[in-house]
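Enquirer: Here's the letter readout for the chains.
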Amino acid sequence: MKSKVIAVPYIVWAGIFIIVPSLFVAYFAFTDSSGSFTLSNVARIGEYTHVFVRSILYAAVATLFCLLFGYILAYIMSRLSERAKSVSLVLLMLPMWINLVLRTQAFQNILMDNGMLNKMLALLRLPESHILGTPAAVVLGLIYNYLPFMVLPLFTALEKLDISVIEAAQDLGASGFNVFRRVILPLSMPGVYSGIIMVFIPCLSTFVISEKLGGGKVYLVGNIINDMFNQNYNFNVGAAVSLVMMLIMIVTLVVFSFLDDETKEGIL
Amino acid sequence: MPNEIIQLRGIHIEFDGDVIIDNLNLDIKDKEFVTLLGPSGCGKTTTLRTIAGFVTPDEGDVIFDGERINDLPPYKRQVNTVFQKYALFTHLNVYDNIAFGLRLRKTPKDVIEKKVEEILEVVDLKGYRSRSINSLSGGQQQRVAIARALVNSPRVLLLDEPLGALDLKLRKDMQIELKRIQKQTGITFVYVTHDQEEALTMSDTVVVMKNGVIQQIGRPKDIYDEPANAFVADFIGESNILDGIVLRDRLVSFDGATFECVDSGFGENVPVDVVVRPEDIAVCEPEKGAIRATVKLVTFKGVHYEMIAESCGFSWKIHSIQQHPEGSEIGMNIIPEYIHIMKKEAGTAN
Numbered sequence: 265m266k267s268k269v270i271a272v273p274y275i276v277w278a279g280i281f282i283i284v285p286s287l288f289v290a291y292f293a294f295t296d297s298s299g300s301f302t303l304s305n306v307a308r309i310g311e312y313t314h315v316f317v318r319s320i321l322y323a324a325v326a327t328l329f330c331l332l333f334g335y336i337l338a339y340i341m342s343r344l345s346e347r348a349k350s351v352s353l354v355l356l357m358l359p360m361w362i363n364l365v366l367r368t369q370a371f372q373n374i375l376m377d378n379g380m381l382n383k384m385l386a387l388l389r390l391p392e393s394h395i396l397g398t399p400a401a402v403v404l405g406l407i408y409n410y411l412p413f414m415v416l417p418l419f420t421a422l423e424k425l426d427i428s429v430i431e432a433a434q435d436l437g438a439s440g441f442n443v444f445r446r447v448i449l450p451l452s453m454p455g456v457y458s459g460i461i462m463v464f465i466p467c468l469s470t471f472v473i474s475e476k477l478g479g480g481k482v483y484l485v486g487n488i489i490n491d492m493f494n495q496n497y498n499f500n501v502g503a504a505v506s507l508v509m510m511l512i513m514i515v516t517l518v519v520f521s522f523l524d525d526e527t528k529e530g531i532l
Numbered sequence: 036m037p038n039e040i041i042q043l044r045g046i047h048i049e050f051d052g053d054v055i056i057d058n059l060n061l062d063i064k065d066k067e068f069v070t071l072l073g074p075s076g077c078g079k080t081t082t083l084r085t086i087a088g089f090v091t092p093d094e095g096d097v098i099f100d101g102e103r104i105n106d107l108p109p110y111k112r113q114v115n116t117v118f119q120k121y122a123l124f125t126h127l128n129v130y131d132n133i134a135f136g137l138r139l140r141k142t143p144k145d146v147i148e149k150k151v152e153e154i155l156e157v158v159d160l161k162g163y164r165s166r167s168i169n170s171l172s173g174g175q176q177q178r179v180a181i182a183r184a185l186v187n188s189p190r191v192l193l194l195d196e197p198l199g200a201l202d203l204k205l206r207k208d209m210q211i212e213l214k215r216i217q218k219q220t221g222i223t224f225v226y227v228t229h230d231q232e233e234a235l236t237m238s239d240t241v242v243v244m245k246n247g248v249i250q251q252i253g254r255p256k257d258i259y260d261e262p263a264n265a266f267v268a269d270f271i272g273e274s275n276i277l278d279g280i281v282l283r284d285r286l287v288s289f290d291g292a293t294f295e296c297v298d299s300g301f302g303e304n305v306p307v308d309v310v311v312r313p314e315d316i317a318v319c320e321p322e323k324g325a326i327r328a329t330v331k332l333v334t335f336k337g338v339h340y341e342m343i344a345e346s347c348g349f350s351w352k353i354h355s356i357q358q359h360p361e362g363s364e365i366g367m368n369i370i371p372e373y374i375h376i377m378k379k380e381a382g383t384a385n
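Chains Y and L are the protein sequences, given in the same order. Numbering follows our numbering, with no gaps: position 193 of the first sequence is 457. Numbering follows our numbering, with no gaps: position 15 of the second sequence is 50.
What the hints contain is simulated information worked out from the structure, not anything from laboratory work. Fair warning: there could be bad hints in the mix.
Lysine-lysine pairs mimicking DSS-like chemistry, simulated, CA-CA at most 27 Å apart [to be verified]:
| # | chain 1 | residue 1 | chain 2 | residue 2 |
| --- | --- | --- | --- | --- |
| 1 | L | K207 | L | K336 |
| 2 | L | K204 | L | K218 |
| 3 | Y | K424 | L | K120 |
| 4 | L | K256 | L | K336 |
| 5 | Y | K349 | L | K120 |
Computed from a predicted model, the values in this text were never measured in an experiment.
This is chain Y alone, in the form it adopts within the complex (with noise of 0.2 Å):
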């Protein structure tokens, strides 16, 4: 009983701040200008699929990207002594006690055409990049901005892992390659699906990083909605997209937390 006392600061704070904001969502999709009910908002959504398999598209590949690049970091991290996992995690976390949009305003100008990106490039006498406005820089910006976001569950599913396993496995005659394919990966797949997770549903939302990466030519469904709440006034189709996309999020949670679920069956 005493848990569900508990609870109710929670039960409040969700029900004022997640349901009823929810649900003023779903009434302004599905109402025009006047209050009365439609499904033209709905039905606008159509024009907007390019920009949401866009979205789709990007957040896939920051995703990718973090999940390799974080892999190998955080698997380095976890093989570090006491003190320089320490060192390491705090590293890892100082840039995110930065404003997004303040390192993403930074991240704009080291790759602008006389930025040090471009310096650095003439230094080594290397061509000129024109990265900035281009959707590689978008997806770069993805990257940098939410890489610890896999880094960190990943290495404390890497850190879990039992040195003796991995000897038991070369004991029994796993290689290198095998080792890992046979026994960390499989052993580290709850940290690699809440890495998906915690990278994928931010990336599908941005809109900050496609403004100042993208140069108003790279326009992402966090775009669509920005524009139609702050530009356009439009709330009744801003709220639909944002129906859809939510509609999108919560289907990727729900696969990869019934994944997740899967695997810790049989770890647990």
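Given the coordinates of chain Y, assemble chain L onto it according to the supplied hints.
Expert: Chain L in isolation, oriented as in the chain Y frame:
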């Protein structure tokens, strides 16, 4: 020498400047049950890991079947290990755990099936093949770990305190079970433990280690009856260790009395360590004993009573099936065969 499957020659290992193994030489015969016995930190696990290939010695040679294998990685060695905490793969079920090594060796499916079923029978886990590891008890997990190693038919099976986490009853059962498996399969077992009773029960040969140095190698009975030094005597079973003086061959004096003994060749009037097992002391009437003592403490141990009795210069531990009340006077006699005399060694007296 075709009989020796593993030879360790002049092994020296240091970690961060600490000497873990110092000039260790050990021959292990094929089909033998060898136990490395010693207190924690004596280097027994490091010795085992050297054979498995997880530790590369700084000096010396690891020879397997006549071939030097110092640089052979663990996955290429014909040995398998049963790890201290089992180190089972929790993402795989019992069957897949056991089949792990066979699959890596590209064994045909039907052969794997047959071998795993056979080994499940050997370790008494028939019907458990689809169970997840975490649904098993400690004893069952332990048997899966043994099966996972044994199924590969290694030339040598290394066991690192495999029974340490089990309760006493289960441990006793598993000791007998392991000995049976070893006899049945004819695989050489190298077993690491700090439990002297376990070592004496199971082994053909016991290797007693201390501070990275082998103290004694021998059959269990020889080690118990004829410990090489005071450390071995103290570690294997319980002992009374006293300062004594060898007066001449077959005559020794300790605790204010003179005894006949069977040892000779120590010289005359030479200080020695004298070891007497608690169960080898005969308690009698005070006036009939060579040594008189007062009983200070009596503890019931099940089969016998353990008594602490103080003589003029020593506190004796005595095992007797007869109880003598605390405070009473007793006499003690020891027959020559039960008096073990050892050369005094620096650092071995406790």
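Enquirer: Provide an ascending list of the numbers of those earlier hints which the structure does not satisfy.
Expert: Failing hints: none at all.
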